[in-house]
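Each of the two chains sits in its own frame; use the hints to bring them together as a complex.
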Amino acid sequence: MDVAGFLDQNVSLITAGDMTPALITERLTKHYGETRALVDLDLEVEPGEVFGFLGPNGAGKTTMIRTVLDLIYPTSGTATLLGKDSHEFAVELRNHIGYLPGDLELYPTLTGRETLRYFANLRGGVDWSYIEQLADRLDSDLTKKVRDLSSGNKQKVGLIQAFMNKPDLLILDEPSTGLDPLVQQEFQAMLREIAAEGRTVFLSSHTLSEVERVADRVGIIRHGLLVVVESVENLKTKAIRRLDMEFGAPVPASIFDSIDGVRSVEADTTRVSVSYEGAMKDLLHAAMGHDLINLESVEADLEEIFLTYYRDT
Amino acid sequence: MLANVFTKSLRDRQIATLVGVLGVISVAILGLWAYADLDDQIAELYGGLPEGFLALIGLEVITDAGTLILGEIANLMAPMVLAGLAISMGSAAVAGEERKGTLGILLGNPRSRTSVLISKAAAMIVLITIGAAVAGVGSGLTAAAFGTDSSGMHLPAAMVHVIAIALFFGFLALFLGAWTGNSSIASGVSVGVLLISFLAAGLLPLIESLADIAKVFPWYYFNSSGPLQNGIDWGHLGVLFAAIAVLGAGATIGIRRRDLKVGSPSGELVNRIREHPMGEKILTRLAGTTNVSSIALKSSTDHRTLTTIAAIVMLYTALAVGPMYNSLSDILVDFSNAIPDGLKAMIGFVDMGSPEGWYTVEVFSIMLPATFIAVAAAVGARALAGEEENRTMDLLLANPIKRSRVVFEKALALAIVLFALGFATGMGVWLGSVLGGLGISVTRIAGATALGVLLGIFFGYLALAVSGATGNRRTAVLATAAAGFIAYFANAFIQVNESIAGWARLSPFYYYSQGDPLANGINWGNAAILAVACVAVLAATIPLFQQRDIRN
Chain A
1 MDVAGFLDQN VSLITAGDMT PALITERLTK HYGETRALVD LDLEVEPGEV FGFLGPNGAG
61 KTTMIRTVLD LIYPTSGTAT LLGKDSHEFA VELRNHIGYL PGDLELYPTL TGRETLRYFA
121 NLRGGVDWSY IEQLADRLDS DLTKKVRDLS SGNKQKVGLI QAFMNKPDLL ILDEPSTGLD
181 PLVQQEFQAM LREIAAEGRT VFLSSHTLSE VERVADRVGI IRHGLLVVVE SVENLKTKAI
241 RRLDMEFGAP VPASIFDSID GVRSVEADTT RVSVSYEGAM KDLLHAAMGH DLINLESVEA
301 DLEEIFLTYY RDT
Chain B
314 MLANVFTKSL RDRQIATLVG VLGVISVAIL GLWAYADLDD QIAELYGGLP EGFLALIGLE
374 VITDAGTLIL GEIANLMAPM VLAGLAISMG SAAVAGEERK GTLGILLGNP RSRTSVLISK
434 AAAMIVLITI GAAVAGVGSG LTAAAFGTDS SGMHLPAAMV HVIAIALFFG FLALFLGAWT
494 GNSSIASGVS VGVLLISFLA AGLLPLIESL ADIAKVFPWY YFNSSGPLQN GIDWGHLGVL
554 FAAIAVLGAG ATIGIRRRDL KVGSPSGELV NRIREHPMGE KILTRLAGTT NVSSIALKSS
614 TDHRTLTTIA AIVMLYTALA VGPMYNSLSD ILVDFSNAIP DGLKAMIGFV DMGSPEGWYT
674 VEVFSIMLPA TFIAVAAAVG ARALAGEEEN RTMDLLLANP IKRSRVVFEK ALALAIVLFA
734 LGFATGMGVW LGSVLGGLGI SVTRIAGATA LGVLLGIFFG YLALAVSGAT GNRRTAVLAT
794 AAAGFIAYFA NAFIQVNESI AGWARLSPFY YYSQGDPLAN GINWGNAAIL AVACVAVLAA
854 TIPLFQQRDI RN
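Those protein sequences? They're chains A and B, same order as listed.
Counted the way the numbering used here counts, the first sequence spans residues 1 to 313.
Counted the way the numbering used here counts, the second sequence spans residues 314 to 865.
So here's chain B without its partners, still in its complex pose (with noise of 0.2 Å):
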């Protein structure tokens, strides 16, 4: 093994994984905080619920706050944010080095390919163990300081299983990247097979006939024994291990037997679909023509692709979303009566059984936010420190121009991609609300969106603050993003317990989602703290950028 290449390997994932652990320790403080003593609606509440309902998030039984908290952590957060944090170590080991046209280097030293696969993967495994490590005992700690009574759970247990579902991801990509040399592929099918997994882990048990493919999944060896109330299944364990070995050592043997590639900075499979034809003119069309009469023109139309893939998809599950509540819409009328208000509160009292609240739970309460943000903070990022990153900031600024100008065009290149979006999900909504005679009303859909669009517009001006500030494009989207699952949190599990339900109002998501916009109209006074927000963001800005020396 290389003492340099794993040490290394360590650096560069070290502020995700912290990043991702505190995350984990803040759902866990926020949620017990919320629900503190709420220990028998809780009991009640979960009780009446449905088995699938559990099942997804692992639990058997519900007795009280801790049980449902630890539970979150153990079964949904922590391996999620783990796997992901895997499968971007896993991609990145051989396929992303790939890319950046390193690998050459690296094996131009005197050492082996097995030798830096060894190393890259031994970096993972002590990485997502420690990360574990200290989620399970920060939670814990967490439990027993709000009083919980852990003594029927077995947490460290339940670590045991999130480290091995973890690294089963990160070996997946790890293995996809050495025999194709390409990380999107890597990080993209891992992905997937996560999700798949986990939801079909969740969901086939429920229908007796299909249970027994759940097996299938590796999901299921995960967490279908429930290691958090039952300790570690030694079966279960030892199927994930034997699969993770078996990807390790296929993973050795596909960087053995392959040519290497040289790098190509923008990435592997955007030119393989320019090596074809028509794909070098979808693209082309896709991207259309830079218009480069300003520089927020310019930025806008730079993501034009990224804009265009996520305002379809917007659209499509929009439209699609309104005739599926025709023949949905007895099953949620009485699923909205056989939930209690303590989990209305957490889906924002939206009355699940009428057109609109079955709109804003599918688009607006997740899907939209979740869109929304993540372009954001990818344009934000990139509009001050992906220009320093990439250099041309120099010759922006040697121009006759103002910092404060640049921030300001940036800003609005974010704004104008934020209603792109904006205006094609009401449309879909739109769209999908008259195809399905749900006869929602278009000011309540045009208000709606509105809000998500402010939403996205604040966590985008976040990222171009923390962009502005470092230069650093990484830090903008890491920083962004942990905001915005904190603040997503914070406002979800504040509002189930009325006594502290006021610091809801901390978070933006409050301000989104308060009053059920779609069923009940804009709220202006909403709209316009947003609003201020987004204006008080890019005030701060401009200090920040103006005082710093450009990155070079």
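With the rest of the complex left out, here is chain A (with noise of 0.2 Å):
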């Protein structure tokens, strides 16, 4: 191998401090015919952060994800992987990414050491012991044939596949499927170990729960559109939250109602109900003017904030 190979497949693009975007995707837009499946996606994910990307079934996850791969071709618009387009330098960026399908399927008649031994001949330089070491990790035995795998057991190959050659960049479709919660529970700590790397991980999936575990910011995508790009934690925040108070005395749902992110009052003698959104020094401010005995702040229910995005509007 030259050396210009060698360095293609075993120098990570990304250095110390390097802020380039890990993956930008501008008005990329893909048809099928008269089915628009991306629509103008204009995005940025950040080196050593783990994007969740969200979507019901058929919003476009997948199809973005082909796309910015080269499997696809994009009708108009572009993508650019650690800071090289991703077409023109499809073959190069393979050496620096990652990817599990979703639906992965394998070949049946190999073993997962086989497998596994196939794609790492194909790529070259990837170092045996580290995908042993991820085998312990997702507890996956090599040793039987794909065909006699339940569908966890061949995701676990799969994923040991994405991780095999440290990439800079992992792109994974719908990860979890199969797996169960412990070996879910070890997966996300390999996330976070590559975040902690300055590692990207670009992670689609519909479970709200992993992705509000592991990422940092999460897009969200319906009918190919982009809906809302944003930080987990600022999602909540602008989230509709609710306070219960409880008075000594009945109190008038109007000295609530002209506060400024009140949505909805529900009064009940002594007992008040408040729906509001941003900061609650108003609404506690007006709360202590009265004989205020109890209180309880019910967290933001993220389901509800994705579902609100999911619907149809």
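Be aware that one or more of the hints could be misleading.
Cut-off 30 Å, straight-line C-alpha distance, at most; resulting in silico cross-link-like pairs (DSS-like, lysine-lysine) [unchecked claim]: (1) B/K715 to A/K84; (2) A/K145 to B/K611; (3) A/K144 to B/K594.
These are calculated hints, taken from the structure and not from any lab test.
Structure follows, in structure tokens:
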């Protein structure tokens, strides 16, 4: 192998302190005849972050991933991975990318080990001891033929395949499918380690709890359109929350009505329930002017937030 | 009857029917074009042939090119093509849905097993009837366009007989599928019965003492009465339709009495063999360990079972043909001398009386190309479209490799498979020649086999090209089969007529067989043309595959 080839396979495209975005799409569009699978998608994923890509079935998640991986070609727009055009440098970029397809299928007659050896041979420069480590962590039996594996165990082989070249950018399409809770936990720990090393994870999922646990930011796609990109924290702040208050004497609902951010008030003599968004300072201030005995803040339900984005409006 | 099951069954086979019927009409066009102005020679030529030769194609008298071609269409090609289609529909109807695991969903609806079966059988009847009608009208119009006098022929009657025999085999497959739930058994047994029945009904009547045994075989009731020349034989048709009714009723009972199976994607037969420890051992040994060091080696070892079986068949046949020559040589020499030049053209002007000619007719004329092309089409179609249909192409291309490299490595794998088949065939011919003391030159065996390998690779690369361009394995297999079929007949027919013989050069079969390479040695020019054609098709595959979205 020549020097350039060796460097391509073994040298990270990301150096310490490099803030080149791991993934950028600009007006990325994909049409299938009349069907608009992706529409003018503008997205930027920072290095070292775990980015959750959410959306209902058929929203365009897989189409977006397959487009940036150069498996299908955009109708218009561009994608840049690790600072390089995803089409022009497709082959070179794959040295630095790990990919797990959604609805994973492997070669049924190969064992897990043979499968990984096949892909490792095609990649070159994969450290087999690292594969053994990954198999240990995910509790994967590599001696069985793929056709004899359950879907969860097949998924583990797929995950090892995606992780084995220590990629700068890991693109995972519905990675938790079929994994039991213990393995899911280990897998999420692995994702956090990757982010801690400055590498990037692009995680497509419709499992909200998983995304909430591991992602720094989320993008939500619906009907091919990116409807929101926010940090999980910001999403929660923006969400409508509820404050349940109990007073020593009846309080009129009208005292809360005019406060900024209040959406609705329900009063039942001494009990008042207020739905609001934003900061609660003004709300508390108004309540403190009365005989406030008890108060309870009900946390925003992330699932409810996602559903508002998912639903057709 | 269930309208949606009926229309889906029609839709599933409409392309195959169209390809089959177009193939039949193409042969009519090619044949009539090639035989134009040769009426006198044909009458003279076939007039002198033994009765048995004509019996096989169901003709009593051949007076001109029109009779010959329409006879071949009505008695051989149309029934074979439509019976094949009917068998494929019959075996897919129940057993095919079980293998795919879709029968459970279908019957999860509030519909009875009988109504599903009847809907599928009705679709088969309609499609075969339409296919026969189109083939009949198309061939008739072609004959009329070439000025054939078909006043003495009963083409519609012949087509009614075609429908009956095709449906008989379709219902046989349906019956077997309904009772066993095994599509491999249903189609395999039906095809076996079809071939045995065809040969038995054609040849047994020639031997007086065995003539009556022919009546056991369904093919006897199809064309022993000569429907093309004598019109419909209601008695014979009655026998066939009664048998169809019995098979249909039997299928209905079969599907109602049996526990339905859940899907097994790798094939029921293979799974059953695997269940037995010895079977598992043999299959594992045959398949061997897949070599995963490169795409080419993995792909070629993936096909090890198919390659091994095809190689053994070729080796054994080629080996057995040699010693047979000695016991048949006298008859062969007589037969060869009796054949007029016109007919010799159809078998490539081969001298059947010589050991080389015997081998050419028995191994190199049909068996080698048919086996090599069938294997090459299966391997070529699976190469790219198979990975897409099995959803592994995404993972493969996620590696740092160009799509062109995938094409090259798959092409290399195909060449390895064909070389293995060529080696086995060449060895078989050589051993057969040694055993029979025929003294055929090793160099000539190698040359003729090498041309066969190149021919196989050409059609394999054609399948690879269609597979890369469409991502659809079935389209690739169908297109290659159709191309092989037309190319074979184009070469065989066109060479008969000297005035148009030059057109045969458009067929790859011309370069494979021209000059009788086993007897006269390889023509390097022909080999080079085949090799260049292989490279050209392969080069065209790369942009076709590169510019396309990978299917998911």
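Contradicted hints - numbers only: Going through the list in order, the structure violates no hint and respects every one.
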